[in-house]
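Visitor: Residues per chain are reported as follows:
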Amino acid sequence: MWKFRDVISILDYTRDELEHLFSVTDVILERSLDVGKPLDGKIVATAFIEPSTRTRLSFETAAKRLGAEVINLEPHLSSMAKGESLTDTLRMLDDYANLIVIRSPYEGSAKHAADVCEHPVINGGDGTQHHPTQAMIDLYTIRKLKGRIDGLEVGVLGDLKYGRAAASFIYGLTKFNVKRIWLISPEPLSPRPELMDRLKRMNVDFVKTENLEEAVEDLDILYVTRIQKERFPDPAEYEKLRGSYVITKKLLSRASEDLKVLHPLPRVDELSNDVDDTPYQAYFIQAKLGVPVRMALIGLVLGVF
Amino acid sequence: MDEQETLRVSKIKNGTVIDHIPAGRALAVLRLLGITGSEGHVVTVTMNVRSGKLGRKDLVKVEDLELVTEQVNKLTLIAPTATINIIRNYEVVEKRAVKLPDRIVGILRCTNPGCITRQPMEHVNSKFVVVSKSPLRLECEYCGRYLEEEEVLKQLTQ
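Residue numbers (our numbering), protein chains in the order written: chain U, 1 to 305; chain B, 306 to 463.
Chain U on its own, in the form it takes in the complex (with noise of 0.2 Å):
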């Protein structure tokens, strides 16, 4: 069920088959990273298009751990600095490797890749909507901080319109049966329709808000993203924007004892340093998570696990 699949959107994924990556992540987990090297001679291809830190170094690590080469496309150092396409870039890179990490500005690349290369494509993040390997991380760490991810309520707080973190782990929630969904966000940076639509078209509990204090105290979850500046056809809207909430310790004195905040990072200003040593604290852990659970979903979509 994961063999030879290109990894588009978590949409694609059933509860079955997530749970089946968060066992195999568990696994290489007790092991510490450890399983041999399985892919011994096999090539991964990174083809970064937009600025990467942790999604790109911990595909290259996961790969790695698991004993393939590793190969990354420069586009500022490659061709397509001198205008070749980003089709025939994917051509080639098919031709030299047995799997192909991309992330694109432009929305839809990850499907076009799919539909370009015979050898299986992970999705690293494309334009506003998806970035199912994040999720997979997200709903893992949550799984392993709560123990489960069914019956929690959850709070989604920022660029919900822009960010594709925020929408790729909002459809990631939609496979379990969370109580409920708070969307927190300005109204300009509300969630597309298309969201909303199938939110309610699979009849998951949802609220929609400005306020996030109207959110706090219920919370077991609260995932906060950064404000897309990248993305907003009009800088001054974004500075408009910029700041609208920041999640500081002394706001999240009034939340449950046991909440946990996770953030794809990287953070700008939404979210305090004085929250890093708190027991709220879990996007470090969730960072941290990054490469197993990309050792698992590398090493499934490839077929040695």
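One should not assume that every hint holds.
To be verified - Negatives, chain B to chain U, calculated, CB over 12 Å:
#1 His-325
#2 Gly-342
#3 Val-347
#4 Val-348
#5 Val-354
#6 Glu-371
#7 Leu-372
#8 Thr-386
#9 Tyr-395
#10 Lys-400
#11 Pro-406
What the hints assert, rightly or not - Derived lysine-lysine pairs resembling DSBU-like cross-links, with alpha carbons at most 30 Å apart:
#12 U/Lys-3 / U/Lys-42
#13 B/Lys-438 / U/Lys-200
#14 B/Lys-432 / U/Lys-229
#15 U/Lys-250 / U/Lys-240
#16 B/Lys-432 / U/Lys-200
#17 B/Lys-438 / U/Lys-208
#18 U/Lys-3 / U/Lys-175
#19 U/Lys-175 / B/Lys-438
#20 U/Lys-229 / U/Lys-200
#21 B/Lys-432 / U/Lys-3
#22 B/Lys-432 / U/Lys-82
#23 U/Lys-82 / U/Lys-229
#24 U/Lys-200 / B/Lys-459
#25 U/Lys-144 / U/Lys-288
#26 U/Lys-200 / B/Lys-404
#27 U/Lys-175 / B/Lys-432
The hints are simulated quantities; they were obtained by calculation from the structure and are not laboratory data.
No experiment lies behind these values; they were computed from the predicted model shown.
Virtual Cβ for every residue (Gly too), placed ideally from N, Cα, C.
Guided by the hints, dock chain B onto chain U, whose structure is given.
Guide: Chain B in isolation, oriented as in the chain U frame:
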């Protein structure tokens, strides 16, 4: 229909008659079918004639051409009320109802400028799935953005 209008919609020997097109959309229908006039077929376009069903309607007749199902189905996007009559030797030999296909490929443009289908270098055909038939709502297979009926009409009629 009075005598004058009967003359306007006189019978053709062989070909296709597309009837009950919403008034004002006949030219868009031709555009959608890719009929430019340069193919050499005799094409008759009648616009805004009285209709019992629609009040006013348009009518298109293309001689010596029988539309195939795929062409007919595309018409649903702008002329869901249309009926298609295939004519042979002055007789209607087949009536086809238009049926909205599940996917629309390459005809419409995604409204999201960031969609891969909008990048000229990449040459990716647009693809939409039908989410709702009435009102018409399509979803881009690449970026997930909705395309509403109003925008579909705008794209196909302007």
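Visitor: For every hint, state whether the structure bears it out.
Guide: Right, here's what the structure says about each hint:
Distance check on B/His-325: its Cβ is at least 32 Å (rounded) from any Cβ of chain U, clearing the 12 Å threshold; non-interface status holds. The Cβ of B/Gly-342 lies farther than 12 Å from every Cβ of chain U, with a closest approach of about 35 Å, so its non-interface assignment holds. For B/Val-347, the non-interface assignment is confirmed: its Cβ lies about 41 Å from the closest Cβ of chain U, beyond the 12 Å cut-off. No beta-carbon of chain U is positioned within 12 Å of the beta-carbon of B/Val-348; the least distance is around 37 Å.
Residue placement check: B/Val-354 keeps its beta carbon more than 12 Å from all beta carbons of chain U (closest about 39 Å). Residue placement check: B/Glu-371 keeps its beta carbon more than 12 Å from all beta carbons of chain U (closest about 33 Å). Under the 12 Å C-beta cut-off, the non-interface status given to B/Leu-372 relative to chain U holds; the minimum distance is some 29 Å. With a closest Cβ-Cβ approach of about 27 Å to chain U, B/Thr-386 is found to remain outside the 12 Å limit, as its non-interface label requires.
No Cβ of chain U approaches the Cβ of B/Tyr-395 within 12 Å, the least distance being about 47 Å, so the stated non-interface status holds. Residue placement check: B/Lys-400 keeps its beta carbon more than 12 Å from all beta carbons of chain U (closest about 36 Å). No beta-carbon of chain U is positioned within 12 Å of the beta-carbon of B/Pro-406; the least distance is around 19 Å. Taking the CA atoms of U/Lys-3 and U/Lys-42, the gap is about 15 Å. The hint holds against a cut of 30 Å.
Distance check on the hinted pair: B/Lys-438 and U/Lys-200 sit about 18 Å apart at the alpha-carbon level, within 30 Å; holds. A distance of roughly 29 Å separates the Cα atoms of B/Lys-432 and U/Lys-229; the hinted pair therefore holds under the 30 Å criterion. Simply put, U/Lys-250 and U/Lys-240 have alpha-carbon atoms about 24 Å apart, close enough for the 30 Å limit, and the pair holds. Of the supplied pair hints, the one linking B/Lys-432 and U/Lys-200 holds, its CA atoms being roughly 24 Å apart against a limit of 30 Å.
Annotation: proposed proximity of B/Lys-438 to U/Lys-208 holds, straight-line Cα distance about 28 Å (limit 30 Å). Restraint check for U/Lys-3 and U/Lys-175: the C-alpha separation of about 21 Å stays at or below 30 Å, so the hint holds. Taking the CA atoms of U/Lys-175 and B/Lys-438, the gap is near 27 Å; set against the 30 Å cutoff, the hint holds. For the suggested pair U/Lys-229 and U/Lys-200, the alpha carbons sit about 29 Å apart, so the restraint of at most 30 Å is met.
Distance hint between B/Lys-432 and U/Lys-3 is fulfilled; the C-alpha atoms sit about 26 Å from each other, no more than 30 Å. Only pairs whose Cα atoms come within 30 Å are accepted, and B/Lys-432 paired with U/Lys-82 is accepted, the gap being roughly 29 Å. Only pairs whose Cα atoms come within 30 Å are accepted, and U/Lys-82 paired with U/Lys-229 is accepted, the gap being roughly 27 Å. Our distance criterion of 30 Å between C-alpha atoms is met by U/Lys-200 and B/Lys-459, whose separation comes to about 28 Å.
Proposed proximity of U/Lys-144 and U/Lys-288 is supported: the alpha carbons are some 12 Å apart, at most 30 Å. Taken as a hint, the U/Lys-200 and B/Lys-404 pair is honoured in the structure, with Cα atoms around 28 Å apart against an allowance of 30 Å. Note on U/Lys-175 and B/Lys-432: the hinted pairing holds, with a Cα-Cα distance of about 26 Å set against a maximum of 30 Å.
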